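Heads up: the sequence lines are chains X and C, in that order.
In this text, residue positions in the first sequence follow the working numbering: the first is 9, and each later residue adds one.
In this text, residue positions in the second sequence follow the working numbering: the first is 274, and each later residue adds one.
Treat each hint with caution, since some may be false.
Stated by the list, open to error - Restraint ranges, calculated between C-beta atoms of paired labels, are given here:
| # | chain 1 | residue 1 | chain 2 | residue 2 | range |
| --- | --- | --- | --- | --- | --- |
| 1 | X | G67 | C | D327 | 27 to 35 Å |
| 2 | X | K64 | C | V325 | 34 to 42 Å |
| 3 | C | H314 | X | L121 | 22 to 30 Å |
| 4 | C | N301 | X | K76 | 29 to 37 Å |
| 5 | C | G289 | X | K64 | 50 to 58 Å |
| 6 | C | S357 | X | K76 | 31 to 39 Å |
| 7 | C | S342 | X | Q66 | 38 to 46 Å |
| 8 | X | S20 | C | K326 | 46 to 54 Å |
| 9 | C | T293 | X | Q66 | 40 to 48 Å |
| 10 | C | S356 | X | Q66 | 39 to 47 Å |
Stated by the list, open to error - Chain C is nowhere near these chain X residues, computed Cβ spacing over 10 Å in every case:
| # | residue |
| --- | --- |
| 11 | G24 |
| 12 | A37 |
| 13 | L73 |
| 14 | V78 |
Think of the hints as simulated: they come from the structure by calculation, not from any bench.
Computed from a predicted model, the values in this text were never measured in an experiment.
Ideal placement from N, C-alpha and C gives every residue a C-beta, glycine not left out.
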Amino acid sequence: GESVGLHLPTLSVQEGDNSIINCAYSNSASDYFIWYKQESGKGPQFIIDIRSNMDKRQGQRVTVLLNKTVKHLSLQIAATQPGDSAVYFCAENRPSGSARQLTFGSGTQLTVLP
Amino acid sequence: DAGITQSPRHKVTETGTPVTLRCHQTENHRYMYWYRQDPGHGLRLIHYSYGVKDTDKGEVSDGYSVSRSKTEDFLLTLESATSSQTSVYFCAIRADREHSGGTRETQYFGPGTRLLVL
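Required output: the full structure, derived from the provided sequences and hints.
Listed below in structure tokens is the structure:
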């Protein structure tokens, strides 16, 4: 079946380095993608989103890149800080009947090392 | 946090007992969702609502029912809890975000309810 998945379940980076979290999707009808951050014991928190008519979108210290040719998106975090340690989910949003459906990947655990 | 609260935040119950989880929002959003989150799985949609008294099933709706009698509250009921329903439950609302070329619906989540069924 079609799904959203992540290449790596865990990622460890040194504080101050840049982090790159990857996500693959397989549904060509998906036209909107979201990255969420989930800290331990909390709900997912919206980070950044991108529509399929864009290749890149930047936020504060975060950048999302979308490659529709290979159905891949990535989240780049600049100058990673200890507070960035969390699980990061990508989600794809696509039309589903009369509503839009959000499908989540299983997440990548980012650990920031001192 | 999009003005979303969930109650209770933690619940321990026994198999076969009914359980109701409450989601409350303060910003008058039309769409509300219930998800469950389990190790090894992403968030999975249980039920959603697109207005008062308007609900529909999601991917994993068996064993769950929902009600929405007013805009601000969306209730999730486990009629007879089973151990397989031990999970963390998240409520979400849908809000529109402006993008070049149109709007897109984004979901914002509550803090979650951790449910243990013994």
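- Task: Hints the structure violates: just list their numbers, smallest first.
- Result: As far as the earlier hints go, not one is violated by this structure.
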